[in-house]
Amino acid sequence: MTHKQIILSHQFANGLTLVAQPMPWLESAAFSISVPAGCRYDPTDKKGLANFTCEMALRGCGDLTNRQFVEALEFNGVDHSSNVSVYNTNFGGSMLASRLHDTLGIFATMLQRPLFPEDQLEDGRQVCFMEVAALEDELAQRAILELRSRFYGDPDGRTSEGDFESLKSITIEDIKAFHQQHYRPDETIVSVAGKFDWDALKDHVGSLLGDWSSKPSVAVDVIEPSRQSHHISFPSEQTHIAVAYPALPYCSDDYFLNRGSVGVLSDGLSSRLFTEVREKRGLCYTVSASYHSLRDRACVVCYSGTTTQRAQETLDVLIDQLKLLRDGIDEAELRRLQIQVRSSLIMQQESCRARANAIAGDWMHLGRVRTLNEINEKITGLTVASVNQFLADHPPRDFLVVTLGAESLEFQRDIVSAT
Amino acid sequence: MTSYRQHELDNGLTVIAECNPQAYTAAFGFFVKAGSRDECDQNSGVSHFLEHMVFKGTPNRSAEQVNLELDELGSNSNARTGEESTIYHAAVLPEFQSQIVELLSDTMRPSLRAEDFETEKQVIIEEIKMYADQPPYGGYERIMEEFFGDHPLGQSVLGTTETVSGLTPDQMMEYFQQRYSPSNIALAASGNIDFDALVQDAEKHCGSWERFDADRTIQQADYQSGFVSLHQPVSNQQYILQLAPGPSYHDEDRFATRLMSTILGDDSGSRMYWEFLDTGFAESGGMGGYEYDGSGSIMTYLCCDPARAQENLERLLKLQQDARANGVTERELELAKRKVASHIVLASERTEARMFSVGSQWLTGLPYRTAAQIASSYEAVTLAQVNDALAKWSLDSNMTVVVGPCENLTAAV
Chain Z
267 MTHKQIILSH QFANGLTLVA QPMPWLESAA FSISVPAGCR YDPTDKKGLA
317 NFTCEMALRG CGDLTNRQFV EALEFNGVDH SSNVSVYNTN FGGSMLASRL
367 HDTLGIFATM LQRPLFPEDQ LEDGRQVCFM EVAALEDELA QRAILELRSR
417 FYGDPDGRTS EGDFESLKSI TIEDIKAFHQ QHYRPDETIV SVAGKFDWDA
467 LKDHVGSLLG DWSSKPSVAV DVIEPSRQSH HISFPSEQTH IAVAYPALPY
517 CSDDYFLNRG SVGVLSDGLS SRLFTEVREK RGLCYTVSAS YHSLRDRACV
567 VCYSGTTTQR AQETLDVLID QLKLLRDGID EAELRRLQIQ VRSSLIMQQE
617 SCRARANAIA GDWMHLGRVR TLNEINEKIT GLTVASVNQF LADHPPRDFL
667 VVTLGAESLE FQRDIVSAT
Chain P
218 MTSYRQHELD NGLTVIAECN PQAYTAAFGF FVKAGSRDEC DQNSGVSHFL
268 EHMVFKGTPN RSAEQVNLEL DELGSNSNAR TGEESTIYHA AVLPEFQSQI
318 VELLSDTMRP SLRAEDFETE KQVIIEEIKM YADQPPYGGY ERIMEEFFGD
368 HPLGQSVLGT TETVSGLTPD QMMEYFQQRY SPSNIALAAS GNIDFDALVQ
418 DAEKHCGSWE RFDADRTIQQ ADYQSGFVSL HQPVSNQQYI LQLAPGPSYH
468 DEDRFATRLM STILGDDSGS RMYWEFLDTG FAESGGMGGY EYDGSGSIMT
518 YLCCDPARAQ ENLERLLKLQ QDARANGVTE RELELAKRKV ASHIVLASER
568 TEARMFSVGS QWLTGLPYRT AAQIASSYEA VTLAQVNDAL AKWSLDSNMT
618 VVVGPCENLT AAV
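Order-wise, the sequence lines are chains Z and P.
Using the working numbering, the letters of the first sequence map in sequence onto residues 267 to 685.
Using the working numbering, the letters of the second sequence map in sequence onto residues 218 to 630.
Treat the hints as calculated values from the structure; they're not laboratory data.
Check before you lean on any hint, since a few could be wrong.
[Claimed, not checked] Cut-off 20 Å, straight-line C-alpha distance, at most; resulting in silico cross-link-like pairs (SDA-like, lysine to any residue):
id, chain 1, residue 1, chain 2, residue 2
1, Z, Lys644, Z, Lys434
2, Z, Lys434, Z, Glu402
3, P, Lys554, Z, Phe341
4, P, Lys346, Z, Pro288
5, P, Lys554, Z, Arg333
6, P, Lys554, Z, Ala363
Here the structure is a predicted model, which means the values were calculated and not measured.
Based on the provided sequences and hints, a complete structural model is requested.
As structure tokens, this is what we get:
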């Protein structure tokens, strides 16, 4: 790789982890803060609570009102965002490197001393309602979210937005209690990438978050999913097809063998799905397969959208391609994959935001960071024989299918549950 | 650290690059002055269809070979078509400069084989149907048509299922021979570029392209105002789109107008943010400019609960009228400048973004400027200039298109 990548990390006494990648060639910096307050911790009758709490946490903190909080971020030129995933509530931003410390100070106050202004509760609730409503119009996303829900079950297949009924019942006390219980340093990861001085950063984060009190972690009951295929009837122009099959989680030693096989399916213009479904047959504009990993479980999610009369053929060709993987990949496919991964890893080095998110994700899954060099070595080390042995041992199977469109498709049992 | 280089081949093709020897990657793009404004009713959608066909093979390569080779170079490649331009681009590691330039150059002289043409036509129709299912359900195409009226900028980039179905390879070749003159094309590059080698390769692979007259007649748009409601019963949300006149990319006040849009319609901290997003009156919303040759527009959009749509139309009008009557504040301008300055630095660190900047500047015909020079143009904007822009581009006198389940919405007064 072009540059030897350095990963620095420090764990504070309260359990908070700071992990950072210096990118001194940049003039910018980015951060990500992942708090263990994901939607898996929503009580079943309060779905959307983590998301509502995140919305309210951003409405002022410490001495700053809602408006002053947003203005302070504007003043620092911060391009910021927040979201709630299954495990975490995530806050992130990128800015000029010179504004990093001030920006971290604002977010540290938000984590520990949010105002949760009661007079803005209804505004916040409206924002959460809007997010639920907007999802209804995103048909491809709806199919994929339904697929994930059926694949992972409850609570890990949830969408963070919750539902109208639950959101209506949430009180300011619920929000304060959720914050009190789940916004805690023990499993929080602060990641930084870009131009910074490590010692100064470590001291600064320590002064901001070192006194944050630890709290016990929370266990959650997991309900095994039924994994039944399903059709959502909707009068749309296209039928949206989502297919999942089990994969190895990111933490697995064999992850890269699994990832390699997905790359052959979907990475690049010469990948099998793009070639067979779109280029040769013209069945769709979009077709893809991507990896989705939780800590202990993972799946490959395939998606295509196509007009109703061509949807059955599209599903059949897609499933055939998944089944064909068990016959193995060839040398040229692996070579293309290796150069593509190497190229994309180097391109990542241009973006501090991409790196801040990537190292936070790695730390959550692995408790360490796979450096770009390590990933490159793993990918370069793949052989046709090793990938094919993996595919023989772990052929794509047990397909779960969710479709959304005007007509349901035939999910042939011998295909769907093929072994 | 960076240097700008430019060279013109004898046939008129321009080679431009922002060279940065420290960069890890290199990005390349062919920028063609060909878009939907160059089309007519008979070939609507041909620019975009041609963009697809450029990847479907040449006399030297099959479609499959093009895809294979793009992947073998580890490239991150794509293409886009707009009202005025079509851009074909790829980012690679610097070691692949010569190969990617040869490959992209070859694809720029496509075969347009009949069999590939018919298969790709199906892909385009799927793309049209994909967008038909997505918010705002054809609202963008409709508002462009309504706002620009008979002006060519009102023509759809994608075309319709009917127009695309009727296109033939001969029509496409005829269009190609009208627009893809080397004098209408630039090869733009950024990052770790060997510029002398780039010129040599361009000469070798593009030097024989025959030059012809491909000028475009520019007419001033006659902007239309009005209110159009499109009933979309399956939509859960109501979508509000507005277009008001704005600066072209040659207008001096474009920097002031962009800052005006940031102050009024940025997705965080703007007046629209506090009015609609912080309150949950809308799910999303914002404002942004579209600058063209000789014309321009400012788009405002909102996505909201249908029950709030009428009220939101009134609120939006009030916000626009208030801004025009009372102007914005020094504090708002300062915050907007800070956001824009930060954004420029972050974008300048991405090689691909610099290639788009260099190529897009060529499309406008304006002299090349560095990211720092562009940032200084924003820094120099005064409060009076922003308020002048607000007075000049009257946002409240616009074309409005609403799309969604509401049937009885009316223009705000």
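Outcome of the hint check:
For the proposed pair lysine 644 of chain Z and lysine 434 of chain Z, the alpha carbon gap of about 49 Å is over 20 Å, so the pair is violated. Taking the CA atoms of lysine 434 of chain Z and glutamate 402 of chain Z, the gap is about 18 Å. The hint holds against a cut of 20 Å. Restraint check for lysine 554 of chain P and phenylalanine 341 of chain Z: satisfied, since their Cα atoms lie roughly 9 Å apart, inside the 20 Å limit. Restraint check for lysine 346 of chain P and proline 288 of chain Z: not satisfied, since their Cα atoms lie roughly 45 Å apart, outside the 20 Å limit.
A C-alpha spacing of about 18 Å is found between lysine 554 of chain P and arginine 333 of chain Z, which places the hinted pair at or below 20 Å, so the restraint holds. In summary, the hint linking lysine 554 of chain P to alanine 363 of chain Z is supported, as the alpha carbons are separated by about 17 Å, within the 20 Å threshold.
The structure fails hints 1, 4 (numbered hints given earlier, in ascending order).
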